[in-house]
Structures are given as structure tokens and as C-alpha cells.
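Undergrad: Model the placement of chain B on the given structure of chain A, informed by the hints.
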Amino acid sequence: MLEEALEHLVKGIVENPDDVQVRARRFRKGKVLEVRVHPDDLGKVIGRNGRTAKSLRTVIGSLAGGRYVRVDLLDLHEVR
Amino acid sequence: MSDSNTEGVEETGAAVAVAEAPEETVDIDVEALENEGDIAADYIEGLLDIADFDGDIDMDVEGDRAMVSVVGATLDELIGEKGEVLEALQELTRLAVHRATGNRSRLMLDIGGFRDSRRKALTKVGAEAAAEVKKTGEVKPLAPMTPFERKVVHDAIAAAGLRSESEGEEPNRYVVVHPVG
Numbered sequence: 001m002l003e004e005a006l007e008h009l010v011k012g013i014v015e016n017p018d019d020v021q022v023r024a025r026r027f028r029k030g031k032v033l034e035v036r037v038h039p040d041d042l043g044k045v046i047g048r049n050g051r052t053a054k055s056l057r058t059v060i061g062s063l064a065g066g067r068y069v070r071v072d073l074l075d076l077h078e079v080r
Numbered sequence: 001m002s003d004s005n006t007e008g009v010e011e012t013g014a015a016v017a018v019a020e021a022p023e024e025t026v027d028i029d030v031e032a033l034e035n036e037g038d039i040a041a042d043y044i045e046g047l048l049d050i051a052d053f054d055g056d057i058d059m060d061v062e063g064d065r066a067m068v069s070v071v072g073a074t075l076d077e078l079i080g081e082k083g084e085v086l087e088a089l090q091e092l093t094r095l096a097v098h099r100a101t102g103n104r105s106r107l108m109l110d111i112g113g114f115r116d117s118r119r120k121a122l123t124k125v126g127a128e129a130a131a132e133v134k135k136t137g138e139v140k141p142l143a144p145m146t147p148f149e150r151k152v153v154h155d156a157i158a159a160a161g162l163r164s165e166s167e168g169e170e171p172n173r174y175v176v177v178h179p180v181g
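If you're matching them up, the sequences are chains A and B in order. The UniProt record's numbering applies: residue 1 is where the first sequence begins, and numbers increase by one. The UniProt record's numbering applies: residue 1 is where the second sequence begins, and numbers increase by one.
Hints were generated in silico from the structure; no laboratory data involved. Hints may be right or wrong, so weigh each one.
[Claimed, not checked] Once the Cα atoms are required to be at most 27 Å apart in a straight line, the calculated BS3-like pairs of lysine-lysine come out as: (1) A/Lys-31 / B/Lys-82; (2) B/Lys-120 / B/Lys-135; (3) A/Lys-54 / B/Lys-135; (4) B/Lys-135 / B/Lys-124; (5) B/Lys-82 / B/Lys-151; (6) B/Lys-124 / A/Lys-54; (7) A/Lys-29 / A/Lys-54; (8) A/Lys-54 / A/Lys-31; (9) B/Lys-120 / B/Lys-151.
With the rest of the complex left out, here is chain B:
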């Protein structure tokens, strides 16, 4: 609501980034991302304490986003059968970061290595769909997926040299694989 009115918060971080990255192309403000990670880690850690879950929190910056991972212990309640609890927690964590910094966050939350194993499985789905489309030359729609899942599949299809698009409305949005040419 007051998104545009938060320059004060940005300034301190931005000044540092400029000093570190003189070429002004998409400079990634690592310090701001680390700050996002800290806020997110506090938020998640508080929840772990209350729920009496063990688990260590790792923080990292992956490309242009902060990555916070909870590792160790059995954390199924925080993941959910299809990762729906993890998605909900990520959503809340991003809001907590937004509250604290005034900036929208694209922070990625992982719990118990869920995203990693999903990423591997979906890369395979994308590669197999691409192989099939190359063979048949026909457009192929895939099953509905979350934004994270679609991103992984798009990447796998692009890596195979094909084009893909997302169609449909959330939560039933799905990837469509197109043959080249």
C-alpha cells in the first residue's frame, strides 16, 4: 500500500551496492538480499521454536534472490503433501520481509530439501516432454503446476532447445511445450 514511499529504507543498502558494482547493469544488491535472509530466518526460527521443531536454518543468495533453507529433523508438517504448506510459509515469509524492508521480496524458502528433490523430478518431466515433442512435432500441454514448478519445467525445455509457454489461470496454470519451427 505504501510501497512507493520507502526510499529511506532502500537508500542505505543501495549506496553500498553501487560502491561494489560500478557497472550499473542489473546490479544485484547482495547486502539487501542477505538482510532479507536474516529477517526471513528470524521469522521461521520463531515458528520452529514455538512448534518445538528442531532444524537448522541455512541462508544463501542464489542469483538475484535470497534463499533460506531449513534442514534437519522431520519437517513434514511444514512442507505438506504436495508442498502446499511450504508455499504458504514462503508467502508469509515474503510478507514479513516486505513489512520489515518496505520492498517486495522474491525470497525462496526451502524445507527439508523439498525444492531440491522437486527440482530434480521436474527437470526430468521437462526433458522428457521436450524429447517427446521433438519426436512428434506436436504441441504438448502438461499438468497444472505451481509457479516454482513451471519455472523449473520451462528451464528444462529451454535447455532442450524448445519453446514453452504457460496457459490457464492459477491454480490450474500449466506449461505447454511447442515444437521448434
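This is chain A alone, in the form it adopts within the complex:
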């Protein structure tokens, strides 16, 4: 559910919604949600002073109900 919620929230605010990909990775302490967006949209999902990124993390963190979830914002072509 969290991946889907995050994908919805991000797709609504970027210029290239078709390029949005969300991938969940689990590790011992919790979950990492990797969001990949079009390079032109990276600034948009981060926002001034990281404000938009913070908003996304606040909403997702709350929906996760106290479980630790990290949200990483990446450029579509970034290799990990």
C-alpha cells in the first residue's frame, strides 16, 4: 500500500508521471522506498530546502503507522 500511495502522491506533482517508478526494498530495520523520477522532475519532488521531500516523508511515515520507512528520491538513470 505504501508504494502505491507514494507513487500516487509523486505522480500528481511531476511533469512526467509516466516516468515515476517506486521500488520497495526491505532490510532488517525496516523498509526503503526508492522513488525514481525523470531528471527534470527531481528538483520538483525535493522542493525548496527539501520541503516537498519532507512532506512526502511525513505522509508516508504516518501511513506506515510508526514502522520505519525511508524514502529515497532518485533520478531515473541513477544506478544503485
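TA: Using the frame of chain A, we list chain B on its own:
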């Protein structure tokens, strides 16, 4: 980024507004605000569906801004302890509206009547601070608040006939009440 380059989007809505409001003082483009409400409602509704929350969405225009309220069901996860999740969602919703219309939005989002009850509580805070300052004649700083909260308090202080200002930097910006005279 391309904010100034969006006249095309504005034109259709603006033409209607002019026809409806011939006197060109701050004419509120109700149709544009309703359109903002529609976009916001779709965005929020999508989230409610995914998160499997019940809740109806009411849309309204309050003064010069669109107002979207989610009512019904328990929606605590979408509000947060101090309304921080609500503020975050409002921020994202405004961005979604901006993406769709090309115009910056001042849309107000409310969930579960949170803003209403906050408004009442803060009006009281403002009125009480004003009463105290009237009595003592001394400047009184209040606790840090969000922009929405400060607005409500400023209004309450103005209603009591006093002057107030905001000082400090976000997120610790606070209202200072000044005695008259």
C-alpha cells in the same frame, strides 16, 4: 519554474470571470477556484482509495481560496498529532494543483474538522492574549505556530482592536501582541 509561461491555461478561466464581475477590483475567479477544488479532490480521493480510508470530500470556495474537506471516518493518520500530516498533504495538494493549472494555489485542505477545531481554540488564545495585553500594556510574544495558526491568532487580536506581528523564522515563527497607543 515555468510559472510565467502559462497564460494559455489562465485565459479560459479569466474570460469567464470578467464576464461575471464587471467591476475589476480583486475579482475572485470562482470558476478557477472550483477547478482547483476538483483537481485537489481527485488527488486526495486517490490517496484515500489506496490507503483504504473511508471519507467523503466536500468542496467549497471560502473567500479567495478553494477549500477541500475530507469528512467522516477516522482519519488520524492523515492529520497527525499536531496537524503536521495535514500540512504536508496540503502542501502536496497545492503542488498537484499547480502542476495541473500552472498557477500557484492557496487551497486550504481540512481533514476530519481539524482546522475548524484548531481555529476555535486559537481564536480563544488570541482573544485571551489581547485581553491580557490590554490590561498590562506590555508587549506579549506567543508560542511558535504554523502560518495557518498565526493567521487565526492575528485575526482574533485585530478583532479585539490590538496590533500584532509575526517574528522569528519558520518553523519557530511566532505572533507578538502589541498594546495600542
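Undergrad: None of the hints should be skipped; say for each whether it holds.
TA: We went through each hint and held it up to the structure:
no. : hint                  : in the structure
1   : A/Lys-31 / B/Lys-82   : holds (25 Å)
2   : B/Lys-120 / B/Lys-135 : holds (23 Å)
3   : A/Lys-54 / B/Lys-135  : violated (42 Å)
4   : B/Lys-135 / B/Lys-124 : holds (17 Å)
5   : B/Lys-82 / B/Lys-151  : holds (17 Å)
6   : B/Lys-124 / A/Lys-54  : violated (31 Å)
7   : A/Lys-29 / A/Lys-54   : holds (20 Å)
8   : A/Lys-54 / A/Lys-31   : holds (17 Å)
9   : B/Lys-120 / B/Lys-151 : holds (12 Å)
Going through the hint list in order, the structure does not satisfy hints 3, 6.
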